[in-house]
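Enquirer: Single-letter residue listing:
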Amino acid sequence: MIVLDRVSKAYRATGGRRIILDNASATFEAGHNYGILGGNGAGKSTLIRLLAGSELPDRGTIRRRGRVSFPLGFGGTFHGALSGRENAAFLARIYGAPVRATLDFVADFAELGDYFTMPVNTYSAGMRARLAFAACLAIEFDIYLIDEVTEVGDQHFRRKCAAAFRARMATADIILASHNPQTLRQYCDRAALLAGGALSLYDDVSAALGRHHRMLQEAG
Amino acid sequence: MRLPGDQEQRERRSDPGRPASGSGAAGAPVASEPSNTADRDNAAERAAAAADFCRRAEALYYDGEPAAAVGLAQRAFELAPESAATVDFCAWLFSNSGCHGAAAAAYEKLLYLKPGWAAGHRHASGAYALVGDLDRAIHHALRASELEPHSLEFALHAGSLHIEAGRFHGALGCFARAVAIAPDDPAVLRPLSTAALGAGDHERAVETALRALRLAPEHAVNAHHATEVLLRCGRFDSAAELIAAALARNGADPIGFRLLSAAHMQAGRPEAALAAIDRAVALAPANAEYHQHRGNLLYRLAQFDEAAAAFAQAAQLEPDNPAPKRSQLTVLFDSGRFREALAVGGDLIRTAPDNEEYAQAVMTVLSRRFETLEGDYLVLGEKCAAPVRATPCPRLSAAATTQCRVILALIIRETRTRFGDSILGYGWALLEPIMHILMLSLVFAVLMHGRPPIGNQFFIFYYTGIIPYHIFVHTSSSMTYAVSANTALLQLPLVSTFDVIIARGLLELVTDIVVAAILLAGFTAAGLGGCPRDFAGVAAAVVAVWLFACGCGFVNAVVNAFAKSWDKIWAQLTRILYFCSGIFYVPAMMPDWIRNRLAWNPVLQAVDWFRASFFADYAPPWLDRVYLVGVAGLVLVVGLTLERGLRRCLFEPA
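Protein sequences, first through last, are from chains A and B.
In terms of numbering that gives the first Met the number 0, the first sequence opens at residue 0 and continues consecutively.
In terms of numbering that gives the first Met the number 0, the second sequence opens at residue 0 and continues consecutively.
Calculated from the structure, these hints are not laboratory results.
It is possible that some hints are incorrect.
[As the list claims (entries may be wrong)] Selected chain A positions facing chain B (Cβ under 7 Å, derived; list incomplete):
| no. | residue |
| --- | --- |
| 1 | 69 |
| 2 | 75 |
| 3 | 78 |
| 4 | 181 |
| 5 | 212 |
| 6 | 213 |
[Unchecked claim] Over 10 Å on every C-beta distance to chain A, these chain B residues come out as not near it, computed from the model:
| no. | residue |
| --- | --- |
| 7 | 178 |
| 8 | 206 |
| 9 | 210 |
| 10 | 301 |
| 11 | 576 |
We treat Cβ as the ideally placed atom computed from N, Cα and C, and that holds for glycine.
Please model the complete structure; the sequences and the hints are all you need to start from.
Expert: Right, here's the structure in full:
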């Protein structure tokens, strides 16, 4: 469960402040998968980072219950001088996951071979992404945050990801930001609509998609 | 027989001014005489034959063989184009058999034979209108109306032809004439209002339409017409009121509800429009256009599923009309039902294979579908209903455990990253200060002959000064960069700025203690003596100076986030401290006034605390342990408060 309590967030942008959230309160309940809808530049990615805690709100509090993942596939925390193994071990320690088991899973899942013990600096972008996915899936989060489902690796790896992810979804919730209605319908049973600093929750994905569509029409 | 005569005629026509009695051409008229006679005989014969054809054609027509009848009539028309009776019959048969072009030609011929025949002009106009020659149709219609100015039908006909041709001003004239004939006939007023609307005279159009409605309010068509005129004039609310009133009189009027829906929609009330079209659909469920309109409204109201169903209904009622399928495609696409959208797209292309826009739309669906996960994430296709789990509220102890875990993980990571590139790794962190202390104490031992101010060995004396100083400098400096060096890590929600700062401080403390222990062990092993007198006191001094360093470190970390060159200034300050902290001397060697000022230096206090606990015979009177602890506590409170208060501004997320 993630609770936003009177959260405000804005950015300084060219031509004034860009308001992402304005005194917004909302509760993402446990046991539901939420899709986050919003026009381009409404701040979907920022909201995901706020939920993840990667960014702090300007005002208000965000309370998380249960282990909330970093955005899926996010490899920004990797230290280039450390090996994939050390980076994964660090994440396991941070989240209190059993280090040995996590490392075994990541080594098996990311299919990095000998590179697993080499510095991440030597990795290709694809290898980094595989490591990030594997680390995120290795740790048993209660809520997975996904900012635009990213395509990683080849067909084989994607299938493996999907299978592992489905297994996780049996015990974990997801919060997914996407502008693809198909994806949202597929993964989510509830939705949140982010527009003009307001965050409104919908119990029904169709209703949210409809509202979003109308707003796009009115804007366009 | 005919050829010479024709030649003769052509010749005559070629020079009409030539006198007939001219001597040079005397033979010609003579030669023409028998020919003319023959023509006259033939004409009679032909007329008889034509009449015969006509009779047979009539019989065939009534026998239900109009094609054969037309063939015969055409032969009759060719045989006797001068016979009014034959041509009249042909015109009648042609127009009744759908050969309007031939009929028009026949009426032209008849009008040539009978000029001023108003009904003939009317017939010709009708025939021309049916073959699409509006110019000639209008010409004849006007002629008919001029010849019989009191005929209402002729005036109406001329007017509607003008409207058809888009000549609204001409139409206005015709209908004005019609209205003059029948001033109170709604059937005349309605087209007049249409013409006025077309001519841009909205006032007149509305006025006339309302007059027609007032004259016969019981006829729904008048209300429909008035509503349409109001809608076209942009008076949506008046239109809605008017048609609603008409519907109140007669509720079983689907067209009325359709118009009401249009009025509401134009006026920006899609919900009301939807209610109206629902009524219309209930009254006339087989009208595809109503379903299409209803689908559009639902789409505007973003009720995608219902809109898709409405379009599907329209498509089912009119399988050959691509428009509902095109709309259905958009709705399905917008609501993310790509699979169904593709199916409809296939149907659409089958219905209208040559429409480029439709093909483009289907291509968009196709490419979008490939963009989606579906292909590769098929396994996720069925919705996973996650069981509702109760996540217990974390206890304070659990939060503390988590924080300890994070700090520990950060310390481990720090040991790996500090010297990540070298083979020795963290060993450098130990070796470097050991070398530094050994080198400097060697220099001092060589330069300053004799006894150190305290104890027997320069090594030990310098050691007792440099260790507290190092703890202070290493800790406070290392914490300065903690935030900027770990921006990426701070994106993990569990890692706070406090964690990364304190982790560095703890690592420095541990490192320096290990260094101190190794050196001390080394000195003892080398026989330089020097076990501390009071371990607890030494430890207390270390902790006190470390806490002071931590306070400074937190302040540094915060200040450095706002003033990027603060670390340079801090480095200079620590260099000055090296000389002000009694590391290679004791304050007792200083003049009183200098010592009194130096005693305010917390690092000097720390060094002397360390030495007082280390050496048995050293008890400086200026040493004030409470002062050091107090200052450390104060700076620590300030540093932690700053960190906590400005946590949100310390770093810009990557």
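Enquirer: None of the hints should be skipped; say for each whether it holds.
Expert: Taking the hints in turn, this is what the structure says about them:
1. Because the closest C-beta pair between residue 69 of chain A and chain B is about 6 Å apart, less than 7 Å, the hint holds.
2. Of the supplied interface hints, the one on residue 75 of chain A holds, with its beta-carbon coming within about 5 Å of a beta-carbon of chain B, less than 7 Å.
3. Checking residue 78 of chain A against chain B: minimum C-beta separation of about 5 Å stays under 7 Å; hint holds.
4. Here the hint on residue 181 of chain A is kept, as its CB sits about 4 Å from the closest CB of chain B, short of 7 Å.
5. Checking residue 212 of chain A against chain B: minimum C-beta separation of about 5 Å stays under 7 Å; hint holds.
6. Evaluation of the residue 213 of chain A hint against chain B yields a held restraint, the C-beta minimum of about 5 Å falling below 7 Å.
7. At roughly 45 Å, the least C-beta separation between residue 178 of chain B and chain A is larger than 10 Å, which holds for a residue marked as non-interface.
8. The beta carbon of residue 206 of chain B is kept farther than 10 Å from every beta carbon of chain A, the shortest such distance being approximately 37 Å.
9. The Cβ of residue 210 of chain B sits about 40 Å from the closest Cβ of chain A, beyond the 10 Å cut-off, so the non-interface label holds.
10. With a least CB separation of 3 Å from chain A, residue 301 of chain B falls inside the 10 Å interface cut-off, contrary to its annotation.
11. With a least CB separation of 31 Å from chain A, residue 576 of chain B remains clear of the 10 Å interface cut-off, as annotated.
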